[in-house]
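J.: Chains as they are written, first to last, in this note's numbering: chain D, 1 to 670; chain B, 1 to 216; chain E, 1 to 300.
Don't read these hints as lab results, they were simulated from the structure. Please read all numbers here as calculations on a predicted model, not as lab measurements. Accuracy of the hints is not assured; some may be wrong.
The calculated lysine-lysine pairs, modelled on BS3-like cross-linking and capped at a C-alpha distance of 30 Å, are [said to hold, decoys possible]:
#1 Lys282(E) - Lys173(B)
#2 Lys143(E) - Lys90(E)
#3 Lys149(B) - Lys90(E)
#4 Lys359(D) - Lys177(E)
The calculated label-pair distances, taken between Cβ atoms and stated as ranges, are [stated by the list, open to error]:
#5 Lys119(E) - Glu30(B): 36 to 42 Å
#6 Arg191(B) - Ile494(D): 22 to 28 Å
#7 Lys173(B) - Arg222(E): 28 to 34 Å
#8 Asp34(B) - Cys632(D): 50 to 56 Å
#9 Arg27(E) - Arg40(B): 48 to 54 Å
#10 Arg247(E) - Gly493(D): 31 to 37 Å
#11 Gly178(B) - Ile494(D): 45 to 51 Å
Built from N, CA and C at the ideal position, the CB exists for glycine as well.
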Amino acid sequence: MPGKQTNGEIRIGFYVCHCGHNIGQTVDVKAVAAYAEKLPHVVVAREYKYMCSDPGQELIGEDVRASKLNRIIVASCSPLLHEHTFRTAVEKAGLNPFFFQMVNIRENVSWVHTDTAAATQKANDLVRAAVHRVAHHVPLEKKHVAIDPAVLVVGGGIAGIHAALTLANAGKKVTLVEREATIGGHMAKFDKTFPTLDCAACILTPKMSQVKNHPNITLWTYSEVASVEGFVGNYTVRVRRKPRYINEELCVGCMECIEKCVYKEGKTSDEFNVGLSKRKPVYIPFPQATPQVVLIDPEVCIEFKSGKCKKTCVEACDRDAIDFKQKETVEEIRVGTIILATGFKTFDARRVPVYGYGKYPNVYTSLEVERLVNASGPTGGELILRDGRRPKTVGIIHCVGSRDKNTNRWCSRTCCMYSLKLAHLLKEHTDAEVYNFYIDIRAAGKTYEEFYDKLLEENIHFIRGRVAEVTDWAVRPSEEGRLVIRAEDTMIGIVRRVPVDMVVLAVGMEPQTDAGDVRRLFNISCSTEGFFLERHPKLAPVDTFTDGIFIAGACQGPKDIPDSVAQAGAAAAQALALIDRGEIELEPNTAYVEAELCSGCKTCLGLCPYHAITRNEELKKAEINEALCKGCGTCVAGCPSGAIHQHLFEDDMIFSELSGLLEPQPADCC
Amino acid sequence: MSLPTPPAVQSDDGASIESMKQVVRRIKFESELDLEFGERVAAKAYGQKLLSCIQCGTCSATCPLSHYMDYTPRKIIAMTREGFREEVLNSLTIWLCSSCYACQVQCPRQIHITDVMYALKREAISLGFYPRRLPIPVLAREFFKRVLKDGRNTESWLLISLYLRTNPFRMLKEAMLGLRLFVRGRLTVGRERVRRRDQLRAILTPGRPKNGGLVK
Amino acid sequence: MTYLYYPGCSLRSTGRAYEESLLTVFRALEIPLKELDDWNCCGATSYVSIDETDAFALAARNLALAEAQSSDGSVQLIAPCSACYLVLSKTERYLEDYPDVNAKINAALDRAGLRYHGKVDVRHPLDVLVNDFGLEKIAKRIKHPLTGLEVACYYGCQTVRPFATYDHPQYPETMDKIVKVLGAEPIDWPLKTRCCGGSLTGTIQEAGLRLNRALLKEAKGRDADLVATCCPLCQHNLECYQPRINRMYDEDIDIPVAYFTQLMGIALGCDERELGMHRLMKKPSLKHIMHPKGASANAW
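Using the sequences plus the hints, can you model the full thing?
T.: Below, the structure written as structure tokens:
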């Protein structure tokens, strides 16, 4: 409840900063100080070169003690920069930090005006307004909220795995929720990784197994987050665990059930092999899946469809792990912080029909080729095309669904490097002529450029020209029966037709299909492209605008494995910083309801963008959760009864500021 | 007509260097460029984003006529942007473009390349930058004059005037085809005309002489 | 709702059969069609090479006339010739998207006492037949299915690019769907929209001939019995230069090129003369392929 200062007399200390030349050059700060001194309640008025410096801050302390000041105003830069600094200084001087008001005469005055006389006048007006306002300031207490040390990591790709391990190794309890039946994400599908050409599975599976065995990690695969409630440090999350129809505790992954299934061969498109092979209704995503547990697809399993299966799988299982009656369960957990590492999806090459994907059988996406060259892939690592041929010439087309206003505007960052890698692997496997059609070669990472050099030495053809089409129209006899890529070789300066047996499309990276739904579930923002939005692109790449929720990996934007791992570590560190501090301080500029005036009309509930307002059904009054409230003021303005107020922005403060600003001045002419 | 090779460049002191056994000197000095040329062209083709071009080459790759052009469409965009006015307006490219829009539809920066080609055609025609008997600008002018006069085009008369002005001997070459079309009623003798030709004359730039004299 | 019909200069000359077959087919299908009175040339590709403002103004007069001659809220103007379709669509679109262009052009129209308010929708006959009228209704009226006929559907470039929204700009299917419903088999070929060169066959002939040679050779190579077109200049180019192409490039191409509306007319049982079949250079080939059920051989 706001109230007037009990001891009556307001004693204001006013400081105006030169900020070197930044303010001093345009605003006559001496004149401003002189002007302020004459304003009501101003006891001390000083100008100083750099108020934010230590001596500057100490000035405040000295004056508070010497002149018994009880309000402080600093006219300097933007509050975003130094409001916290000065509030701390005021607190150190013995006053409540919220008896402080800042006036921005840099970004709002000296940096945007050139007329010094007008700028000084404007500064004076702003100072006058602040003097009127600060008289109404009341003491406020900062709130503290405890942080639950448990963490939720959503997404079990390389970023999620690394974040979970980092936190678990720091002694924190982590729940890792993954939508697919295994962790590993996209990386598990790759053959080799650039630029070292490490086998992806070989470097990934040890980490996957660490996750499985770590005492601090609870791994929930084939599960999805259903709802998130609460606020930083105090989240309640409900996780829906889909039924595998296999008892996870009993299954050891021997895969006898798959062997003995009544289906002699698979008839369903195998998602792990990107549709290049088929699987049975009972299956395991890949042999090193973690957890090493099979699952049953109820859409195609005969027992589910008709109820009349011989159930040879049950017979084959000597652990009795199959349970057709298994149901979906919902688990509820409490965590203090959440890390989202939900990854990406590849661009659908069917959106660019000129490249023939889906029309010509031997046009592949890069992800499909990863499976083709992989020894545990659908062809055992042999380069056998869909029509049975082995390619003698391969064309790799860069920038499919990237750098294009007609599809996705951005550069997907990884495709140049993975195209180079695939060129190398294809050459190794087949000794075919390999052509890379590119616009630019983006090889910016560590030893990436050297990798490109190596490829040039392997006599891979690099043609700089964006491909216009892949066609089966043959002009010369040598083109008959093959796919022809037409591009302008812009370097040599001539149009070329290159007949190939296999076309590889370097598809770009996009947000997941349901990224929009997921981000709403967690109450974070996304950018126009649909990737999760970081708090600051340079200085806060893993924080979001929602306290306690962090993002890592490709869900924040296209990036490769080293960058995803780095971000995962960063997100874990940010989470640890919160957890180890144990509590978080909240800015007390929150809204509150004056219950006597509240009519229970519920107007404010829908207005709050942070879902901070609930209705107490017993009292039939609105209640605001201070931890969720961000002080945006929407409900304050929207309440038809005027029942909601906001700390630091009370009516009397705002109106006095306005009247101070608009007070007619002797120098004013019409 | 056969397709030409790009011309040898003159040095800037005005003398032309004859090729000595295939040695040709080619260099471009900034003083020879018309830096406003690109902006002028872009302003004509609806403020088109020539500046956004990343020179990817998709336009040349998809253009069905690019392999007949002295400068491919990509090069024309680069040259226009940089101010190579002479080369661009003297190129065969702008006349060979049949405005099929294949480039415009695929350009990853959504540049209206075909509109730029039209703007270059207009620039060339208005400045008289074309050989007097090049059929395409002549056809455009004849078409223009005919429509200004009658409001509609009669193909037979258009073709005759085209051949007369470019290569009368072609009339003989095409006579057989012309006859075959004529007997099938596909070439008419009578002229198609609009009734309200006065409306047209009011709409089209007033003060333009009846024979379609060209002004910019 | 009556469709307004804009013939364009070509349909009164080299493309006469297109107009004849279009009007006959629309009559047979009982789709109300009325010619735009006192229409003027759209300017095609030539006008915009001389003066852009005049080019838009010229085309806009037709749009203004269409508005004045129709009482429909949204005026449907059918332009069968690809160039006319493109120019009129472009004018309609640019007048809508660019207010400064709109102001300039309407000022020009004003000098003739005309005005364009943006109510015209420029349509292609393929679009109208498939999306407005409907394939099932066409199917019901087929009298002589063109069984066994393999047709290369050639759309040309300006029918589908860049303003047409009713079909894909590189892989369209509307004509193929019509051909299928007529009982014939549309071949799958990659050059459906590759430019025929337009007026290049009349100006830089070698370039034009080579483009047409590629199209004809591929259609023949994929066993097409004939090429179906929807543009008078495409039809002219593909049909009339075959002997010359054969001579210059040592080819052996002899394939009939007809308008898709002519094929429709035959399947619907319309009169051959009314469809302008006699105007084609290659009529005899067409006779051998068509075996209409229940009609005597002499009907053709």
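J.: If a hint holds in the structure, say so; if it does not, say that too.
T.: Okay, the hints, checked on the actual structure:
The straight-line distance between the Cα atoms of Lys282(E) and Lys173(B) is roughly 21 Å, inside the 30 Å bound, and the hint therefore holds. With a C-alpha separation of about 38 Å, the suggested pairing of Lys143(E) with Lys90(E) is violated against the 30 Å cut-off. A C-alpha spacing of about 24 Å is found between Lys149(B) and Lys90(E), which places the hinted pair at or below 30 Å, so the restraint holds. Proposed proximity of Lys359(D) and Lys177(E) is supported: the alpha carbons are some 18 Å apart, at most 30 Å.
Here the CB-CB span from Lys119(E) to Glu30(B) is close to 51 Å, at odds with the stated 36 to 42 Å. Take Arg191(B) and Ile494(D): their Cβ atoms lie about 46 Å apart, and the range 22 to 28 Å is violated. Distance hint check for Lys173(B) and Arg222(E): the Cβ-Cβ separation is about 32 Å, which falls inside the suggested range of 28 to 34 Å. Look at Asp34(B) against Cys632(D): about 54 Å separates their beta carbons, and that is inside 50 to 56 Å.
Under the hint 48 to 54 Å, the C-beta atoms of Arg27(E) and Arg40(B), about 51 Å apart, fit the expected range. Range check, Arg247(E) to Gly493(D): about 33 Å between beta-carbon atoms, so the 31 to 37 Å window is met. Look at Gly178(B) against Ile494(D): about 38 Å separates their beta carbons, and that is not inside 45 to 51 Å.
When the structure is compared with the earlier hints, violations turn up for hints 2, 5, 6, 11 and for no others.
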